[in-house]
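One line per chain: the protein sequences are A and B, in this order.
The end of the first sequence is residue 571 by the working numbering, with every number in the run present.
The end of the second sequence is residue 945 by the working numbering, with every number in the run present.
Each hint should be verified, as a subset may be incorrect.
As the list claims (entries may be wrong) - Below 25 Å or equal to it, Euclidean Cα-Cα: the simulated SDA-like pairs (lysine to any residue) are:
#	chain 1	residue 1	chain 2	residue 2
1	A	Lys156	B	Lys481
2	B	Lys481	B	Arg610
3	B	Lys718	A	Arg311
4	B	Lys919	B	Ser648
5	A	Lys212	A	Glu501
6	B	Lys718	A	Glu501
7	A	Lys156	B	Glu748
To be verified - Coverage of chain B stretches by chain A, computed from C-beta distances (three or more under 8 Å per stretch; other residues unrestricted):
#	region
8	578–589
9	737–748
10	878–891
To be clear, the hints were calculated from the coordinates, so they are not data collected in a lab.
Yeah, the Cβ is synthetic: ideal placement off N, Cα and C, and Gly gets one too.
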Amino acid sequence: MSEMPRRSALLTEVLDLGQQIAREVPSLAPELAEISSRAEQPLRVAIAGKVKAGKSTLLNALVGDELAPTDAGECTKLVTWYQHGLVYRVEMTGRDGSTAQLPFEREDGAIDVDLGERDITKIERLTVEWPVKTLEEMTLIDTPGIASVSTDISARSHSFLAPDDEKSTPSDAVIYLLRHLHATDVSFLHSFHEDEYAQPSPINCVAVLSRADEVAVGRLDAMSSAARIARRYGDDPRLRRLVQTVIPVAGLLAQAGTGLRELEYRRLVKLAEASEAETDRLMLTTDRFVNAPTDIGLDEAQRRALLHRLGLFGVRLAVHSIRTGDVGSTAGLASMLRVESGIDQLRGTLFDVFGARRDTLKARSALLAMQRLVAEHQTSDALDARIERTIAGAHEFTELRVLNDIRSGSLNIAGDGLAELERLLGASGTQVNRRLGLPEDSGPDKQKAAVLEELGKWRERAESPLSPRPMASAARVAVRTCEGLFATIAAG
Amino acid sequence: MTATSTSGGSTDTNDLQPAKAILRLADAADRPDLNQRTHAAANRFADQTCTVAVVGEFKMGKSSMVNAIANAPLCPVDDDVATAKPLEIRNADEPMVAVVYKLEEDETKRRMREIEFEDIPSYVSEPPTATDADTVALVRVGLPRKLFAGGLALIDTPGVGGLGSTHSALTMSVLPSADAVLFVSDASQELTAPELDFLDVVISMCQRVTLVMPKIDFYPQWRRIVELNKGHLERRGLDVPIIPVSTVLRRMAIESNDAELNAESGYSELISHMRDTLVANTRSSAREEYSSSLREIVNELKPQLESELAVLSDPEESARQVRELEMQKERAQNLRNQAARWQQSLSDGTTDLNSDVEHDLRARFREIVKDAEAAVEANDPAKTWDDFSAWLSDRVNTAIVQNYTLLHQRSVELGERVSSHFDADHRAITDRLEISDPSAFRTAPEFDDSGIAEKKGALGNSFTLLRGGMGGMVMVGVLGAAAPIALAAWVAPAVAGIVGRKTLKEERDRALTQRRLQAKQAVRKYTDEAQFVASKEARDALRHVNRQLRDHFMERAEELSTSTSESLAAAQQALRSTQESRDKRKKIVQNILNEIPKVSAQVEAIGAAG
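Produce the complete structure using the sequences and hints provided.
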């Protein structure tokens, strides 16, 4: 799918604007250069959520490698950036702006950073550079849990994701993890979105119902149960206003699915081949699974390792699938675990929502940063007005606003056209076929026909005197989108 | 308090011995009133239950746990749906289930209606679907179970921390009447900050708290989590025992009747903890009350008989006796008088209590309004209203519950004060005071900002911009009504360029100020209404308390008066009767008096056993 050229045009325009401002107010040049360079970098996606929501596990699953340390107790205490680099490197940034390279080792898979004698409260963040392909597309940021008993850890996350001062939010988008929908989750999401242009905004935020395998406490239908809950949360008006969508993900399964070893598969086969009564007895509780005496040919350490990798639900699911013959190889099991875990769906959504809109989000972040910068230094009103004009003028932002309004319920449009409008404006992906609701492989002829049909429909609604005002104005935005789409298709 | 078809703990027959003896003595002494009181005390003792509330955040497995304890699928369990109403389980000879309605005005007893077991979810599942669900305070289930027959009642409460903020108020309202609390937090992770805060509140309202950690079958690291929780509790200085349990194992243990499995599930420890520690504690205080009631009755019986005996043995003495008894009778009659001192204490006390509770409520609401206005001033209400309104309604409900706790505590003190006019222990009434629960103030505050244009995104912005920039209703009229607003979004930047930034900023500030003003009005309106409702409920509850205390003490005054009249009549009778009948009566009275020390010893033994 080719990127729509218009979007890069917006980013280019924004960057040009930055250069103009730098020329007029040379004192701001260094900051502006930083904003520009940030806009060139991969999208920054922060992973946030309450304490023990499974943030690090999910991060590892997304990276496809076990980088972030995970533990049963509260574990992540520092904001940690995982970004693409040519060499393996860990750097620390202090609150005073100083940086230092840190020694580290990989133990048990995860990266163990040696902080030495450093005071943890004086560290702003850690940056891990790792030459792994998945980090080329986006930089992932692991954050400490919210609602942690140690308040300073909580505060660290809060100040990173929703800074009190006028600093721009350092991340472009957020994956918010929740286990159940708590009032604290909603208030946190609110504070994250508190800026003028993306008021409670579902644009740059996707929620993940994490540890989805635990929802049904180990029943085999856990994932479908989790999907049902995720759908309900996704429909909750309070959450709709804040996040794009809610996706159930079992991080542990995903992590296991990404790096499943032949050895582990063979051990699972041993379990599956034993009598059903025997395995059921073992898989009843985690204690039994590890400690119960059995003659299936796995010692305690081996069983403990399996449980650690897959969790009780994962073990049950794997054994069940091998036994029924649904999977018959390491690769088969790995892929089943990934599909079941929901990680592929999340990846797809991230690509659709954040990836395709990367430039728009980047442009938006850059504009917001510039605006704050200009306001801070009290330069001329003209500059401020120019930034504002760019913000108001870009059709991409207008689309986002209308999507926002639909989500927030402030756009009072009756029922059925709504989902269609959301899709057209790019809610489920900004590619032409996605917007038009066509199959992925549809060619230009089909696209043209579809776009003309949509155009007619929305033009009619926009111009009809019977359309209520909010509908007419939203329809007008849709018309403009259709025109843009048509131009894109025509240009090939 | 208890339903006719349910009853509390079984009572050891030994404990009923002294009551039986006293009944016999009272009959022999010709005192039907004492007979009645003895019956009442014995029944109260037999009915005494230890109410254990199960609380915690939602989706922690509270309902499964209650089901596992009761060994019956009573509370609906679902991966998604949460509990909406308290469900109480107590002992009954036959399984039964009823809904208990909220106490209405002018009602002294809660109405109940029997329902079918299948109907339970329509009341306790979120959201309740039964048509009368709004007026139902709780669902009460009676089950023939040995554990409950031992004097235990369990209450499953709605989980807190979810989006429905009224739930926490509902849970809090259960706490003051609970004897003990099981705080549930599953083994998936250590206690979080909100949970520990909630635990603090729970402990402040009910001392006896146990932390139960379900789902240990599923989490390999549960022992770590238990240790971590122990650490958290210790650091806060909380003395809370922890019991980890597995509902899955418990279910299997019951199916296969496997005691070992039951022990592994942790439920045998949990149940013996409830039986041996929680219930035993409640029973020992019930025992104290029972023994003190009986002591009182014996102490009343004894002087009457002694004076009668004195008159019977020495007729010379009789005249003095009669005089003294007449004086006592007059005193007792004074207590029945409207102008009696206890009546005054009660009515003064009620007035004071009324104004204290009212004052407390007002102070709390003043605080809320102050905080709310500060919050409005610090934020843009259009952006934060949903959050804000949830916060506000939570604060209001918390205030109502706290006010109610004060009301409860002070009512008990009032009862004690009034009882000091009678030389007797009146724990019986103060323990049994029925005080209606506060109903959560459900509605959320409303905020109508339709009158203030600038709210969201481009549409609002350009609209106000045009009005300010072009200075004309004309422009607004043309663009606003007929012409497309979306067009305005494109026009806006151009116009902004012309009129400059000033107007836009001013317009924004103006709109913001107006929104804040409007938000503050909404806060006032909401809190006023909530305060009105809460204060009315508090007044009704107090009126109810007053009526109960008055009735109780009036009855006691009547009893006292009867008692002295009886003594007087007996003395006069003795004075008039023949030598032969006098001797006969003397023998009876002497016999009873001889028995009293033995009965007294028995009564004391009951108290000592507790």
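Here is what the structure says about each hint:
Between Lys156/A and Lys481/B the alpha-carbon distance is near 49 Å, which puts this suggested pair outside the 25 Å criterion. The hinted pair formed by Lys481/B and Arg610/B meets the criterion: a straight-line CA distance of about 10 Å does not exceed 25 Å. For the proposed pair Lys718/B and Arg311/A, the alpha carbon gap of about 24 Å is at most 25 Å, so the pair holds. Distance check on the hinted pair: Lys919/B and Ser648/B sit about 11 Å apart at the alpha-carbon level, within 25 Å; holds.
Distance hint between Lys212/A and Glu501/A is unfulfilled; the C-alpha atoms sit about 32 Å from each other, more than 25 Å. A hinted pair counts as satisfied when its Cα atoms are at most 25 Å apart, and Lys718/B with Glu501/A qualifies at roughly 22 Å. With a C-alpha separation of about 50 Å, the suggested pair Lys156/A and Glu748/B falls outside the 25 Å cut-off, and the hint is violated. Residues of the region 578–589 of chain B with a Cβ under 8 Å from some Cβ of chain A number 4, which satisfies the need for three, so the listed coverage holds.
Look at the region 737–748 of chain B against chain A: 0 of its residues bring a Cβ nearer than 8 Å to a Cβ of that chain, fewer than three, so the hint is violated. Only residues whose beta carbon comes within less than 8 Å of a beta carbon in chain A count, and the region 878–891 of chain B has 0; fewer than three means the coverage is violated.
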